[in-house]
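Protein chains: 2
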Amino acid sequence: MENVKIIEIKKSVFENNDRAADELRGELKTKGVFLLNLMSSPGSGKTTTLIQTINRLKDKIRIAVMEADIDSDVDAIKIKEATGVESIQLHTGGMCHLDAEMTEQGLNNVSMEQADLVILENVGNLVCPAEFDTGAVKNAMILSVPEGHDKPLKYPLMFSICDVVVINKIDVLPYFDFDMEKCKEYIHMRNPKATVIPICAKTGEGVEVFAEWLLNEVSEWKR
Amino acid sequence: MENVKIIEIKKSVFENNDRAADELRGELKTKGVFLLNLMSSPGSGKTTTLIQTINRLKDKIRIAVMEADIDSDVDAIKIKEATGVESIQLHTGGMCHLDAEMTEQGLNNVSMEQADLVILENVGNLVCPAEFDTGAVKNAMILSVPEGHDKPLKYPLMFSICDVVVINKIDVLPYFDFDMEKCKEYIHMRNPKATVIPICAKTGEGVEVFAEWLLNEVSEWKR
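Top to bottom, those sequences are chains A and B.
In terms of this note's numbering, the first sequence is numbered consecutively and its last residue is 223.
In terms of this note's numbering, the second sequence is numbered consecutively and its last residue is 223.
If you are wondering where the hints come from, they were derived from the structure by calculation, not from laboratory data.
Take these hints with a grain of salt, some might be off.
Heads up, the list lumps identical chains together, so a pair's fine if it works in one copy or across two of them.
Straight-line distance between alpha carbons at most 25 Å, and here's what the computed DSS-like set of lysine-lysine pairs gives [what the hints assert, rightly or not]:
#, residue 1, residue 2
1, 78, 182
2, 78, 184
3, 202, 182
4, 60, 29
5, 78, 138
Could you put the whole structure together from the sequences, leaning on the hints where they help?
Laid out in structure tokens, this is it:
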């Protein structure tokens, strides 16, 4: 099994997270690095979606991944083994989210000069990560079919801050009472500008649409 | 559509949550009321499981439900319509968990003298609710098959504090790579004493086992 770098993230001391996030974004712009903050509930398929997406993009742009988890390093290892890109594990030590300063602690351990795109896989949680700007250029979230189409009603902030909502596990649509049109309606109620992309990370269906969205965003950022 | 009482929960001012939780448990013991704290990820099937469980128990014991959500009152209404038991909605106003004092704010709006069992459906989140003792007599959680059997590795605290882990959505086992034996092994790694109960809340399969567990716990508490 591969080894990955594990970073123990410390609590932030900086009080103004919004300012720290803006500063981090400015720094990323200068360095020409696009940071994507990927969020979801536990078990929505963030890691599998990333593997599929990275394998479609890694010949076009240089990618690095930061996997945040309370404990364990299984995700960072999985990403490294399945894609070959640089992948580090961030341990939050029980903390339920990452803010900008914590994200920067991670970025300090990534080879930034060799990356066009850094993806932060945030802690699996629809509540707290939505409250803290990580300094990312764009926010993405994954909602999986088994979770139900009513989630935008229950986790309003998360859906309102995401630029793109990936709806994963569409292969099991026949086995769940999931109304795709209602889901899109609820998402747009929270954020009319959100891009909604249905995919199945397991089979790869639809992943090229998300990969293309990401590629466009990275190109625009680096212009 | 039915109307339910909606309580806007305020932030706690009490600093020592563990003491507040112990005091609340003492009060519940005196009153002969059993409080169950039910936790899970978003979309694991807490509300459906509760409806099925309550309908199996409501002729044997008196039940009331507190539904915590950041926003919306859909769950409390669903419970009331499907079971007829007293059901109130707690709005956390963005807060990601409930502590003992917040739980007590809810309990003050429940007819305690007419209840043997009060069920608190906590905010859908595997991280923060695990860190705060609500004053409940027992903690239960639901892990659903689509989330994957590796969740005890990633959310150690949640699994370590739960007396019972209900594994929901076993009807879709054929469509997911979910290893039940591995899952049980990981759960018992976190908490060797945890009771594991596989169910399908949609069809009702296995729910009687959870209902019986709960009935026994309530009887023991009221002895």
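Hint check:
no. : hint      : result
1   : 78 x 182  : between (34 Å within a copy, 18 Å between copies)
2   : 78 x 184  : between (31 Å within a copy, 22 Å between copies)
3   : 202 x 182 : both (24 Å within a copy, 21 Å between copies)
4   : 60 x 29   : within (19 Å within a copy, 64 Å between copies)
5   : 78 x 138  : within (24 Å within a copy, 36 Å between copies)
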